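Student: Protein sequences, first through last, are from chains A and B. When we follow the numbering used here, the leftmost residue of the first sequence carries the number 1, and every step to the right adds one. When we follow the numbering used here, the leftmost residue of the second sequence carries the number 193, and every step to the right adds one.
Possibly wrong hints are sitting among the right ones.
Here are the simulated lysine to aspartate or glutamate pairs, EDC-like style, with alpha carbons at most 20 Å apart [said to hold, decoys possible]:
no.: 1; chain 1: A; residue 1: Lys53; chain 2: B; residue 2: Glu357
no.: 2; chain 1: A; residue 1: Lys53; chain 2: A; residue 2: Glu113
no.: 3; chain 1: A; residue 1: Lys35; chain 2: B; residue 2: Glu357
no.: 4; chain 1: A; residue 1: Lys24; chain 2: B; residue 2: Glu283
no.: 5; chain 1: A; residue 1: Lys35; chain 2: B; residue 2: Glu250
no.: 6; chain 1: A; residue 1: Lys34; chain 2: A; residue 2: Glu99
no.: 7; chain 1: A; residue 1: Lys108; chain 2: B; residue 2: Glu357
no.: 8; chain 1: B; residue 1: Lys196; chain 2: A; residue 2: Glu99
no.: 9; chain 1: B; residue 1: Lys196; chain 2: B; residue 2: Asp302
Partial list, computed: chain B residues near chain A (C-beta under 7 Å) [what the hints assert, rightly or not]:
no.: 10; residue: Gln194
no.: 11; residue: Thr195
no.: 12; residue: Cys254
no.: 13; residue: Glu261
no.: 14; residue: Leu319
no.: 15; residue: Asn322
Honestly, the hints are just simulated from the structure, not real lab data. Please read all numbers here as calculations on a predicted model, not as lab measurements. Using N, Cα and C, we set each Cβ at its ideal position, and we do this for glycine too.
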Amino acid sequence: MYELFFKSLNEKIALTKEEEEIIKSYLTPKKLRKKQYLLQAGDVCKAIAFVEKGTLRAYSTDEKGNEHIIQFALEGWTISDLYSFITGEPAQYHIDALEDSEIVLITKSAQDEILKRVPKYETYTRMQLTGAYMAMQRRLTSIISLPVEERYIQFISIYPDIAQRVPQHMIASYMGLKPETLSRIRKKIASK
Amino acid sequence: MQTKQTVSIIGSTGNMGSAIARSLAKGNYRLLLLSGPNNTADSLADEIKSLNPGAEVESIDCCYNASWEADIIILAIPFGEEFAMAEKIREVANQKIVISIANPLNGTYDGLSTSPDTSAAEQLQKLLPNSKVVKAFNTSFSTNFNQPVLAGKQTDAFIAGDDEEALNLVSDLVETTGFNPLIAGPLSMSRTLEGMQLLLVQLNIKNEYNWQAGWKILHN
Ligand SMILES: NC(=O)c1ccc[n+]([C@@H]2O[C@H](COP(=O)([O-])OP(=O)(O)OC[C@H]3O[C@@H](n4cnc5c(N)ncnc54)[C@H](OP(=O)(O)O)[C@@H]3O)[C@@H](O)[C@H]2O)c1
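Extracted from the complex, chain A is given alone in its bound form:
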């Protein structure tokens, strides 16, 4: 239920058994069915979700109802509407499950308590946030400066498992492309 979560923690900060038990007491285990929402835009994002099993995505919708995917989260990743989580303002993103999933939720108050009782958890959260920030920078650079074909090649080389598990129309949405455009690009690459 928490295997990957503690593996990820222990890779960054070695925990004693006692510290693990303290942290465990603040975690909320949760299962989601495919297509079930964890969060809908407009609600406050109360927790950061760590994916133990399955895949989740975060996306916004425009006035026409088009979905714009901002992030996927596979096993071992975290996902949230960070702005809403930190500020307590309504979330801008929806988060739902693309497969039946098992997640671990860390609520704001749980995080505060963990930080008080296991101070080195701070190092973990900092490393998580730094990682997310770097990924975001890379994604932004790719969107504003690379030709689409190279963007796609970069995406599948960095995230081969997402490319395999997520339907193409969602990858198109993540890349800001129409599904037809993505399919054309893939054909072009395949024919090279």
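Let chain A serve as the given structure and place chain B with the ligand on it in line with the hints.
Tutor: Coordinates of chain B with the ligand only, in the frame set by chain A:
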């Protein structure tokens, strides 16, 4: 809140469980219905779905999995069964809201089986130390869910607990069922709430209210 909360009702085939399930199906909740070991909640789920075509309701066998999926767990089983049930769901109920509706009445309905310095809700909290136990629905008869208005007044439903956010979420849930939610105080207030229902049961028997009686705080 727009995001549907998943509510698991353990003991949904009973008087209280089925009444709560039927009324929550009208709100923005996803319901997982459980029965005891020798029964199923299939027909209740079918009945609710036919009455509320939009409702997300499902009968499920395993209380561990249902509690794992749940945001809120309602224990609608007899008080005596709660100890074993708490053991089964403890791990997956971690940090979740668990609603205690039990009234620990003795076999002759003239006293409580708990000692005066505790309550069914506090005992459950001891068994589930990392869950947010909230007392609710215990001061209403199952027969009142059809008609939460008695003598022209919307009946009050008292809520007690130690976690403010949990109290607010349970308050919304109680409101969905048509009762007037009233936060009574910390979880230890459950001693009074459970005692109030003992009194109501006794008055009901003595005065033949026919289970059509409830609590209302009158105020100006
Ligand atoms: N009745 C009321 O008006 C009222 C009012 C306030 C509070 N309460 C409280 O509500 C609770 C339920 O009362 P009730 O009148 O609804 O009782 P009930 O009609 O006898 O229902 C009990 C429910 O619990 C289930 N159950 C029994 N043992 C179980 C076990 N070991 N594991 C899983 N499920 C089990 C039963 O399943 P099966 O269908 O499979 O037997 C049934 O669904 C009690 O704690 C009571 O104090 C009742």
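Student: Has the given pair, lysine 35 of chain A with glutamate 250 of chain B, been kept, meaning a C-alpha gap of at most 20 Å?
Tutor: Roughly 16 Å between the alpha carbons, so the hint for lysine 35 of chain A and glutamate 250 of chain B holds.
Student: Can you verify the interface hint for asparagine 322 of chain B: is its Cβ closer than 7 Å to any Cβ in chain A?
Tutor: Where the cut-off is 7 Å and the nearest Cβ of chain A is about 5 Å from asparagine 322 of chain B, the hint holds.
Student: How about glutamate 261 of chain B: closest beta carbon in chain A under 7 Å, or not?
Tutor: holds (4 Å)
Student: Could you check if leucine 319 of chain B really has its C-beta closer than 7 Å to a C-beta on chain A?
Tutor: Cβ of leucine 319 of chain B sits 15 Å from chain A, so the hint is violated.
Student: Can you confirm whether the C-alpha distance between lysine 196 of chain B and glutamate 99 of chain A stays at or below 20 Å?
Tutor: holds (18 Å)
Student: Starting from lysine 34 of chain A, check that the Cα of glutamate 99 of chain A is at most 20 Å away, please.
Tutor: Given pair lysine 34 of chain A, glutamate 99 of chain A holds - Cα atoms ~4 Å apart, limit 20 Å.
Student: Does the structure keep lysine 24 of chain A and glutamate 283 of chain B at a Cα separation of 20 Å or less?
Tutor: holds (10 Å)
Student: Just to be careful: measuring from the Cβ of cysteine 254 of chain B to every Cβ in chain A, is the smallest value less than 7 Å?
Tutor: violated (11 Å)
Student: Has the given pair, lysine 108 of chain A with glutamate 357 of chain B, been kept, meaning a C-alpha gap of at most 20 Å?
Tutor: Holds, at roughly 12 Å.
Student: Given the hint that lysine 196 of chain B pairs with aspartate 302 of chain B, test it: the Cα-Cα distance must not exceed 20 Å.
Tutor: violated (41 Å)
Student: Does the alpha-carbon distance linking lysine 35 of chain A and glutamate 357 of chain B stay inside the 20 Å limit?
Tutor: Distance of about 26 Å is beyond 20 Å: violated.
Student: Mind checking the alpha carbons of lysine 53 of chain A and glutamate 113 of chain A for me, to see if they're no more than 20 Å apart?
Tutor: Status violated; Cα separation ~26 Å.
Of the numbered hints stated above, those contradicted by the structure are hints 1, 2, 3, 9, 12 and 14, listed in ascending order.
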